[in-house]
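Chains as they are written, first to last, in the numbering used here: chain A, 108 to 390; chain B, 39 to 390; chain C, 2 to 290.
The hints are simulated quantities; they were obtained by calculation from the structure and are not laboratory data. Check before you lean on any hint, since a few could be wrong.
Said to hold, decoys possible - Residues from chain A shown here face chain C by an in silico Cβ test under 10 Å; the list is partial:
(1) 139
(2) 163
(3) 173
(4) 296
(5) 304
(6) 318
To be verified - Chain A regions said to be covered by chain B (calculated; three or more residues, Cβ under 8 Å):
(7) 112 to 118
(8) 127 to 135
(9) 208 to 215
Just so you know, these numbers come straight off a predicted model, no measurement behind them. A virtual CB, placed ideally from N, CA and C, is assigned to each residue, including glycine.
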Amino acid sequence: MQTQPLSQPTLSSHLRALFALIRKDWKQYWRYPLNAVSSIFQPLIWIAPVYFMGQAFSVNGKAIGFSQFSGTTDFMSFILLGTVLESFINAVFWGMGYALKNDMDSGVMESNWLTPIPRLLILVGHSVTNLIVTAITSIGMLLLGGMIFGFNASGDVLKALLPIIPMMLGLYGFGFAFAAVVMLMREANTLVDVSSFLVQIFSGSNFPVNALPRFLLPVALALPLTYGLDSVRAHLIGTKTILPLQWEMVLLIIFMFVMLWIGTATFRSLERRVRTLGTLGQH
Amino acid sequence: MPDFAIEAKQLVKKFPARPGTGDKKANGESSPAPKRKLWLFRKKEPKAMFTAVNGVDLQIERGEIFGLLGPNGAGKSTTIRMLCTLLEPTSGTARVNGFDVVKQANDVRRSLGTVLAGERSIYWKLTGRENLEYFAALYHIPQTVAKKRVDELIERMELKDRANELVEKYSTGMRQRIAIAKALLARPPILLLDEPTLGLDPQAARNLRELIAQLKQEGHTILLTTHYMEEADQLSDRIGIIDTGKVIALDTPEGLKRRIEQKEVIRLEVTGWHDEIGDRIKSISGIENLMSRQQGEADLWEVNMQAHNSRTALPRIVEHISGNGTRLVNMNIVKPSLEDVFIHLTGKALRD
Amino acid sequence: MRSEMNVKSLALPGFPADVQAFWAIVRREWTIFIRYPSWIIALFIWPVIFPMGYILTARALSGMDGSGLTTFQNRTGLTEYVGYIAVGTMIWMWQNIVLWAVGYSLRNEQMRGTLESNWLSPTWRFAYLLGSSIPQMVSMFMLMLVSGLEYAFLFKVDFSGSLWLTLLVILAAIPSVYGLGFAFASVVITLKEANAFVFLVRGIVMIFCGITYPLAMLPNWMQSVSRWLPQTYIIHAMRTAALSTEGFSGITFDLKMMMLFGVAWLAIGYMLFNMMERRARQTGAIGQY
Chain A
108 MQTQPLSQPT
118 LSSHLRALFA
128 LIRKDWKQYW
138 RYPLNAVSSI
148 FQPLIWIAPV
158 YFMGQAFSVN
168 GKAIGFSQFS
178 GTTDFMSFIL
188 LGTVLESFIN
198 AVFWGMGYAL
208 KNDMDSGVME
218 SNWLTPIPRL
228 LILVGHSVTN
238 LIVTAITSIG
248 MLLLGGMIFG
258 FNASGDVLKA
268 LLPIIPMMLG
278 LYGFGFAFAA
288 VVMLMREANT
298 LVDVSSFLVQ
308 IFSGSNFPVN
318 ALPRFLLPVA
328 LALPLTYGLD
338 SVRAHLIGTK
348 TILPLQWEMV
358 LLIIFMFVML
368 WIGTATFRSL
378 ERRVRTLGTL
388 GQH
Chain B
39 MPDFAIEAKQ
49 LVKKFPARPG
59 TGDKKANGES
69 SPAPKRKLWL
79 FRKKEPKAMF
89 TAVNGVDLQI
99 ERGEIFGLLG
109 PNGAGKSTTI
119 RMLCTLLEPT
129 SGTARVNGFD
139 VVKQANDVRR
149 SLGTVLAGER
159 SIYWKLTGRE
169 NLEYFAALYH
179 IPQTVAKKRV
189 DELIERMELK
199 DRANELVEKY
209 STGMRQRIAI
219 AKALLARPPI
229 LLLDEPTLGL
239 DPQAARNLRE
249 LIAQLKQEGH
259 TILLTTHYME
269 EADQLSDRIG
279 IIDTGKVIAL
289 DTPEGLKRRI
299 EQKEVIRLEV
309 TGWHDEIGDR
319 IKSISGIENL
329 MSRQQGEADL
339 WEVNMQAHNS
349 RTALPRIVEH
359 ISGNGTRLVN
369 MNIVKPSLED
379 VFIHLTGKAL
389 RD
Chain C
2 MRSEMNVKSL
12 ALPGFPADVQ
22 AFWAIVRREW
32 TIFIRYPSWI
42 IALFIWPVIF
52 PMGYILTARA
62 LSGMDGSGLT
72 TFQNRTGLTE
82 YVGYIAVGTM
92 IWMWQNIVLW
102 AVGYSLRNEQ
112 MRGTLESNWL
122 SPTWRFAYLL
132 GSSIPQMVSM
142 FMLMLVSGLE
152 YAFLFKVDFS
162 GSLWLTLLVI
172 LAAIPSVYGL
182 GFAFASVVIT
192 LKEANAFVFL
202 VRGIVMIFCG
212 ITYPLAMLPN
222 WMQSVSRWLP
232 QTYIIHAMRT
242 AALSTEGFSG
252 ITFDLKMMML
262 FGVAWLAIGY
272 MLFNMMERRA
282 RQTGAIGQY
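Turn these sequences into a full structure, and let the hints steer you where they fit.
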């Protein structure tokens, strides 16, 4: 008697697999509820000393000196938007960075790789959940931060979405490559810590990049995230931009394609390496 | 062309060895690391490789239970990993369900249900049911079918009242059952089970073996690896004995035992054993493959040996044992078991 | 039947043995620490990049024409902010590192499986906590030294204060900073989600202790909270000692408060340790993770 297999791959079954991946990550995330709470409160804790420092430089709540660099005296709105980006950078470096390594260390990577779905889909699944969850906690943080420190966004939210899309796609494309690299390292904490921190600083999340000393400015200008954040701020709170908005948009779109390509290629190379050397399941 | 469930031809797997060990074979022999010439003249040294699987041939029939039996480090897990497409062979080919493991990997995965490291292959922060529903989707099982299938398997694995609890609260046996249910989800024609009863208590192991027998009745082909010879003996239609990366014997359990049928196995329990006694006994003609093993902490040793004719050998054996503080506590003449076959073929014990 | 010979123990208890055991713990901890290469980054890079965010933000706040800086100077009486921020953030970094390194020292041993082997020996158990914090103190001291040099020469900060007073402040700060770490070590080993506690404590220090701003900027209720945190006094004393010319009189009050808190936290740390240790002996729960 032959056993009849139940596995029938179609486009919709692939989509269903992706959805199952997302649902699995989602459930797991919310089963550690302290993580979500931490993601909302931690950024606000880090903002507090910046807020009081800003007060020390401000008259009647207006940061006059600051406006010379940024184009706005509303220091806290500037900072809060930057903090939202920081949340995403953190989420990609730490969350995506360790996505594969965690799977490997907890033993589930083998089970996943034994299934007939394309392995890249697993990373896509991780990315989607990461993106959604971070968006939720960031909005929560923004609302709470707005209540505590004051947030005024008078601009067009829909227009602000335009630069956000390629920026996020590019960022998560980078996340793919980073996940592959971290998985191969024995001890990745220091790398993730330092690089995440540096990217947050140089993307201008805490200050307008034109306030940087001359020799550091090129670093900020080389980061595509800088232009993304710059465009969003310009749309929402009317700050001066580094480059004209259309140019920044073009740069972001190029960034998106480049990063998605690098991310996919790096992952494929990792996949090949693992199949040859068999590091799956051992660490 | 006969249609085998699994067919492997000269599968070889080599891994880069750790530096300074030279070329190592799976049996532990090593050629010495090349001497370092003066750095000017040193050519790039070829990377030292460790051969885990050294030319494995397998032909597993549809509907049979095939046991791959061998000690730790023999290459069982590496072979299984190549068959289930987690690892690519260095050379050689393999076909599972008619599909090539390298070129048609996804088709192979769809045809297989695999249980590797049972406990750690599922999500601890999901319930048993959620784990199964998740993997059902990854195996492209249509949604309505999947739901029924998951319920069916939960019932079959006797996990109905705990199915909605997080796996982190399950016992080892329960986790193993979820892992097996996961392997059965897509009703694959072929099952690969890597040391399935390892770490289970005797009752759970017994239940699992019954399940395996049932699965064969239902038409599945099963390849299982183990280093428990009773398990291989009891379950398998055929057994392949693997050692140091090669299959050194392949036959039905009875066929294998018949190989040393003309021999008998003498099993002694002795106190005050010394290795010199063993040497003296070995010198008796017709005695082969003497192995001694201490039983736990006490001064009690189990000594096994194979004899062509126990009747003539026995008096001489007893002679060597008596006296000087050595005492024979018990003696048995037994029919050869699979372990004895293994010892006959390799000169080593199956368990270390 | 062989006769049993009298077995003579090699152990010789007494004060010299305790000192020897203590020194062995210190040596072990130092050796392990050195073997992780990332300490180099911790030593040279973090002290510079961590305050960088705040310093660059302050630079932006000062404005192109320095008008913001004038406001700052009027409010605080200070002429420069780089050293001000660097000192404040250094104290935060110190407490943060101690919470992780000392706070998790017992837990890490437990996870490695070495806690049990250590506790099987006849050494006074609190010595393990004390001993493993010594190398940590040494590395922290080196970090502060390197950081000071980096700021003096790379960033041209004017450390117009006194080196001796600065050292005195560091010494006086040790009891409270490490006392808190000891308290944590005992709590961490019994709690499952200990991370949340570390984040909470270092968050409190970050908000209330004036790491990047003068306390006068805080609303009154927050200022009263700051008075209960030893790090507030450490930061103030360190800034006065390193950056100003006020001398010893400027830090006497801070030193008194630091000693008070130091004694309190050491006592709390010791008490919590004993409670945890007794519980371990009764329930045997410490050996398993």
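To see whether the hints hold, each was checked on the structure:
{"no.": "1", "hint": "139", "verdict": "9 Å, holds"}
{"no.": "2", "hint": "163", "verdict": "5 Å, holds"}
{"no.": "3", "hint": "173", "verdict": "5 Å, holds"}
{"no.": "4", "hint": "296", "verdict": "8 Å, holds"}
{"no.": "5", "hint": "304", "verdict": "6 Å, holds"}
{"no.": "6", "hint": "318", "verdict": "4 Å, holds"}
{"no.": "7", "hint": "112 to 118", "verdict": "holds (count 6)"}
{"no.": "8", "hint": "127 to 135", "verdict": "holds (count 6)"}
{"no.": "9", "hint": "208 to 215", "verdict": "holds (count 3)"}
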